[in-house]
Structures are given as structure tokens and as C-alpha cells.
Amino acid sequence: MHRSIEPTEPRSPERRRLLRQAGQLAIAGGLLAGGGWAVLKRKQNLWQVRRERTLMQTSVSVTCLADDVQAAGVAIEAAFARMAATAAQLTRFDPASPLARLNRDGLLAQVPAQLDAVLRQAVSLSRLTDGAFDPTVLPVLRYFETLRGASRTDAHEQRVAEQRDALVGYRDLALDARGARLSRPGMAVTLDGIAKGHVVDQGIAALRGAGIEYALIDAGGDIHAICGNDPERHWNVGIVDPRDVSQVAAVLQLRNAALSTSGNYRVFFSADRRLFHIVNPRTGWSPQSYSSVTVMAQRSVLADGMSTAAFSLELPRLSSLMDAQDHQWLAFSRTGEQRWRSRELPLIAGTAELA
Numbered sequence: 001m002h003r004s005i006e007p008t009e010p011r012s013p014e015r016r017r018l019l020r021q022a023g024q025l026a027i028a029g030g031l032l033a034g035g036g037w038a039v040l041k042r043k044q045n046l047w048q049v050r051r052e053r054t055l056m057q058t059s060v061s062v063t064c065l066a067d068d069v070q071a072a073g074v075a076i077e078a079a080f081a082r083m084a085a086t087a088a089q090l091t092r093f094d095p096a097s098p099l100a101r102l103n104r105d106g107l108l109a110q111v112p113a114q115l116d117a118v119l120r121q122a123v124s125l126s127r128l129t130d131g132a133f134d135p136t137v138l139p140v141l142r143y144f145e146t147l148r149g150a151s152r153t154d155a156h157e158q159r160v161a162e163q164r165d166a167l168v169g170y171r172d173l174a175l176d177a178r179g180a181r182l183s184r185p186g187m188a189v190t191l192d193g194i195a196k197g198h199v200v201d202q203g204i205a206a207l208r209g210a211g212i213e214y215a216l217i218d219a220g221g222d223i224h225a226i227c228g229n230d231p232e233r234h235w236n237v238g239i240v241d242p243r244d245v246s247q248v249a250a251v252l253q254l255r256n257a258a259l260s261t262s263g264n265y266r267v268f269f270s271a272d273r274r275l276f277h278i279v280n281p282r283t284g285w286s287p288q289s290y291s292s293v294t295v296m297a298q299r300s301v302l303a304d305g306m307s308t309a310a311f312s313l314e315l316p317r318l319s320s321l322m323d324a325q326d327h328q329w330l331a332f333s334r335t336g337e338q339r340w341r342s343r344e345l346p347l348i349a350g351t352a353e354l355a
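Per the working numbering, the very first residue in the sequence shown carries number 1; after that it's consecutive.
FYI, nobody ran anything at the bench for these hints, they're computed from the structure. None of these values were measured; they are calculated from a predicted model. Please note that the accuracy of each hint is not assured.
[To be verified] Ranges of calculated distance between the beta carbons of each label pair, as one might list FRET restraints: (1) Gln247 to Asp323: 26 to 34 Å; (2) Asn45 to Thr146: 49 to 57 Å; (3) Asp230 to Ala166: 50 to 58 Å.
Just so you know, even glycine gets a beta-carbon here, dropped at the ideal spot from N, CA and C.
Generate coordinates for the entire structure from the input sequences, incorporating the hints supplied.
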């Protein structure tokens, strides 16, 4: 869990050796690999129990530190079961899912509890960010997906995207006590920018309910750590360098909190990465200010949604909004050469300019 690392530049050979040692770091961006069960004795009467599976089209790992290996295994299975059940309500890819039915029919008479919670959180974030986060960007995103592999994009693609953007508007997603409705034909909802965070929160709730005090869930960029009441216990989390994803650019301390990293370097549709999986709802195009934004918050659903929204915010607005919500953050410029951070970000390796 906690390993002391001096706060020096992580690009030196010694820093790279330390940061790559297995077990020291969770990697924000999903670089940890493996499968099945892993059990490691950390010290007397304390075991590290870890399980990794594919969920939400990404690798998800759950790690517990406990004195009872069997109980930790049971807790991990309960966490995966709860996360899988939640993800099934939130996916847009399964035609039978409630979200897919809402998109197909424009109406869902009865919204399952988990979907209702995330839709309401999504609309709340949309209001908070003045529309920088918007769950109704799916018509634009679907068009982006048809351009996958394009060597370049030009004015024609941008005009088509702008036309699709006319269908975007979170205010036209109506939620009431019974159901959900899309006000205009052709509208559609994606929860890709927030659902994974909510799923991770459900996994953490299952672990806590099973009596686990020390654990970490890593869902490909969405990480949540619990550390009990001991202020000396924490997890170290490495932030991927967007210029070279085999490298770690920064290391943060995380305890009883969530962290989410969004970037343009994992899922992109054009070779120049100008078109990727995040849509600026105001322009109908992918935002171009940043290559990576990491947000730390008390809940994964907030960290996930805010890291998505941050891509469409200019730096002063990003900084003021995060400060107002008491979220910590780290952002890399489009080229990756500049970095900015919040004042209270628990940065223990790497450098970034105070915004």
C-alpha cells in the first residue's frame, strides 16, 4: 500500500525503476496487467489479495489488504458482482439495456435505480459545468466512431459534426419520478464519461459493506482507494505521461478518495489525435486544450465526470470550478510539455505549475 518515494523527477533511470516495480503503484490509465487471483504476503498477518477481470470494456482490478485471505476473496467477488450488475444498467452497447432502449425509443417509462442515479448525477454535472459535461453528445460521438482510422480530418467532417451537435442539449433530457424522456427525435444519451466512476463507487461500497478497510479498485483510469482511519496509510498512484504511455509522469498519494484521468492518447479516431472520445458540447468537436486531465474527488462518479468536463474548459475556469468543489487536479497541455495543478494536490513525484 504505502511505499515512501522521494519527490524527485520520475524520468531519471532510478525513478523509472522505482515507479515500475510491481505493487508500488496503481497506474491511472490502466497499464496494470494480469489476470486471475494473486495473493501476496506483505508482512506478518497481512495479505494482499487481488483479482482482475474485464468489465465495461476495460480491465478492472480489485486489491485488498487483509489478515484473512478467504474473507478478502469473498469481498472481492461481492464487489465484482455489484459492479457488473450496475454496469449492465448503464451500458449503451447492449441493445437490451435500459439506456439503449431510452436511446431507441426516446422514452423509458420506468428507470432502474442505478441508471436513474447516474442520469441525475450527469444532469447535475451538466448544470454545474455550464454544459461542458453533457450526456446527450452521443449523436456526435457516433459520427466520430465512423471516422475511426482517418489519417486526417478537414472542414467537411467538422461541418457534419456541427450538424449532429444540434441534437445535443442536456436540458432536453427530461427526468421525473417515473421515467426519462428525450425531447427531440434523434437525441441519444451516452454515460461513457461518468458511468465507470459510478460503477467503481458501487464496488467500493460492497468492499466497505464486507468489512474491508484497505483496498483499491482500478478501472482503467478510474481509481478509488480506501485506507481506514490511519492517516499514515495511503496508496501511490502513477499518472501516465500522455507523450509516452510507457512512462509515468507524476505520482500522487491517494487515501479514502477517488481519482480519474481522461486523455486523448487511449481512444482516438484520427491519426493526429485531434478527434477522440471526448466531445466539447459547445462546438461538436473534440476539445484541443489538453492531452490529459486528472481529477481527485471524494467519489469516483464526480472524479470521472469532472475529468471529462475539464477537457472543454479553459484553464482559468477549470481552476476556479475545481477549487469551488474542493477537487484536486492535474492537467497536461495539448503537447504534453506544460503541466498545471491545484495547490493541494498530493504530488510526491513529478512537477507541475500552480494554476
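Against the structure, the hints:
One distance hint, 26 to 34 Å for the beta-carbon pair Gln247 and Asp323, holds here, with the actual separation near 29 Å. A C-beta distance of roughly 56 Å is found between Asn45 and Thr146, which places it inside the suggested range of 49 to 57 Å. Checking the proposed 50 to 58 Å range against Asp230 and Ala166 shows it holds: the Cβ atoms sit about 53 Å from each other.
Going through the hint list in order, the structure satisfies each hint without exception.
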